[in-house]
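Enquirer: These protein sequence lines map, in sequence, to chains A and B.
Position 2 of the first sequence, counted from 1, bears residue number 2 in my numbering, the numbering being contiguous throughout.
Position 46 of the second sequence, counted from 1, bears residue number 46 in my numbering, the numbering being contiguous throughout.
The set of hints was computed from the structure by calculation and includes no laboratory data.
Since the structure is predicted, the reported quantities are computational estimates derived from the model, not experimental observations.
Don't take each hint at face value.
Unchecked claim - Pairs of lysine to any residue residues, derived as SDA-like cross-links and limited to a Cα-Cα distance of at most 25 Å, are as follows:
#1 B:Lys-124 x A:Ala-86
#2 B:Lys-30 x B:Arg-9
#3 A:Lys-92 x B:Ala-123
#4 B:Lys-74 x A:Leu-40
#5 B:Lys-124 x A:Arg-37
#6 B:Lys-30 x B:Leu-67
#7 A:Lys-92 x B:Tyr-71
#8 B:Lys-30 x A:Gln-63
#9 B:Lys-30 x B:Ala-120
#10 B:Lys-30 x B:Leu-91
#11 B:Lys-74 x A:Thr-31
#12 B:Lys-74 x A:Arg-37
#13 A:Lys-92 x B:Ser-68
#14 B:Lys-124 x A:Ile-99
#15 B:Lys-74 x A:Leu-44
#16 A:Lys-92 x B:Tyr-75
#17 B:Lys-30 x A:Ile-9
#18 B:Lys-74 x B:Arg-9
#19 B:Lys-124 x B:Ala-113
What the hints assert, rightly or not - If you want the footprint, here are the derived chain A segments under chain B, 3+ residues with CB under 8 Å:
#20 27-34
#21 91-98
Glycine is no exception: its CB is placed at the ideal position from the N, C-alpha and C atoms.
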Amino acid sequence: MNLLAFLFIVTSLVTLVAGQLFLKRAMESTTRTDGTRARLIGLLAAGIFLMTISFFLTLGLLQRFDLSYLYPFQGLSVIIISFSAALVLREKLTLQLTIGALLITIGIVLVSLS
Amino acid sequence: MENQPSGWRSPRLQLALSVLCVLVSELLLKRGATETASATAWSWTGINSLASPLVWWGILFVIASFLSWLYVLKYIPLTVAFPLSRVVDVLVPLSCWIFLGEIISARRWCGIALVVIGLAVVAKPVARLEERL
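Please construct the entire structure, taking both the sequences and the accompanying hints into account.
Expert: Structure (structure tokens):
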């Protein structure tokens, strides 16, 4: 793997995680009474923009590498999203959820290695 | 977690639908992207995949999964919903095994087992939350 590929993989991961955080914030604002329409649309647009970048970067990577090579990074996204949701969105991250996310991450890496 | 709608509007059903659409879209996108693989500089962005109809079908399923995913986010925390959505990583190899007759190695079976255990661990607090409602 060269540096460029690594850069693209990291960017696709970061945009995916940030996109999910924006989308969650957007949908949360619909359940609150003080959430304005402009805020919802802005958050949704930011989320969709980031997810679109991640989507096309992933397609570009799929053209070059096997799914089995790219999948371990998908696995990492589970643990990264759990931690960033706890940090940024102040969601409760229990020990049980952390263990579950870790098992899923390790499992995905194992699935993709063989 | 607030009162959850039931029937078609159940967040858990929508999560399952979203996962199913992701499964279909991943298979379509992989085939479409391979079809259009080339070595030009622009192809790093994946944009030339749009030449394949399979990719457009894949995008349709991505949008469908996205809409139900948004609905899920309204009701389920990301720390629970996202790990659960990765059940797709088990479904992809399993569907290759069932439908394409691909062989799953011992190591891969171990990985599948770990993911399933992890999913059960994550899903448990959700079940408990729903009991309380």
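Enquirer: Each hint: holds or not?
Expert: How the hints compare with the structure:
| no. | hint | in the structure |
| --- | --- | --- |
| 1 | B:Lys-124 x A:Ala-86 | holds, 18 Å |
| 2 | B:Lys-30 x B:Arg-9 | violated, 31 Å |
| 3 | A:Lys-92 x B:Ala-123 | holds, 15 Å |
| 4 | B:Lys-74 x A:Leu-40 | holds, 12 Å |
| 5 | B:Lys-124 x A:Arg-37 | violated, 34 Å |
| 6 | B:Lys-30 x B:Leu-67 | holds, 22 Å |
| 7 | A:Lys-92 x B:Tyr-71 | holds, 20 Å |
| 8 | B:Lys-30 x A:Gln-63 | holds, 8 Å |
| 9 | B:Lys-30 x B:Ala-120 | violated, 29 Å |
| 10 | B:Lys-30 x B:Leu-91 | holds, 15 Å |
| 11 | B:Lys-74 x A:Thr-31 | holds, 7 Å |
| 12 | B:Lys-74 x A:Arg-37 | holds, 15 Å |
| 13 | A:Lys-92 x B:Ser-68 | holds, 23 Å |
| 14 | B:Lys-124 x A:Ile-99 | holds, 12 Å |
| 15 | B:Lys-74 x A:Leu-44 | holds, 13 Å |
| 16 | A:Lys-92 x B:Tyr-75 | holds, 14 Å |
| 17 | B:Lys-30 x A:Ile-9 | holds, 16 Å |
| 18 | B:Lys-74 x B:Arg-9 | holds, 11 Å |
| 19 | B:Lys-124 x B:Ala-113 | holds, 17 Å |
| 20 | 27-34 | holds (count 4) |
| 21 | 91-98 | holds (count 6) |
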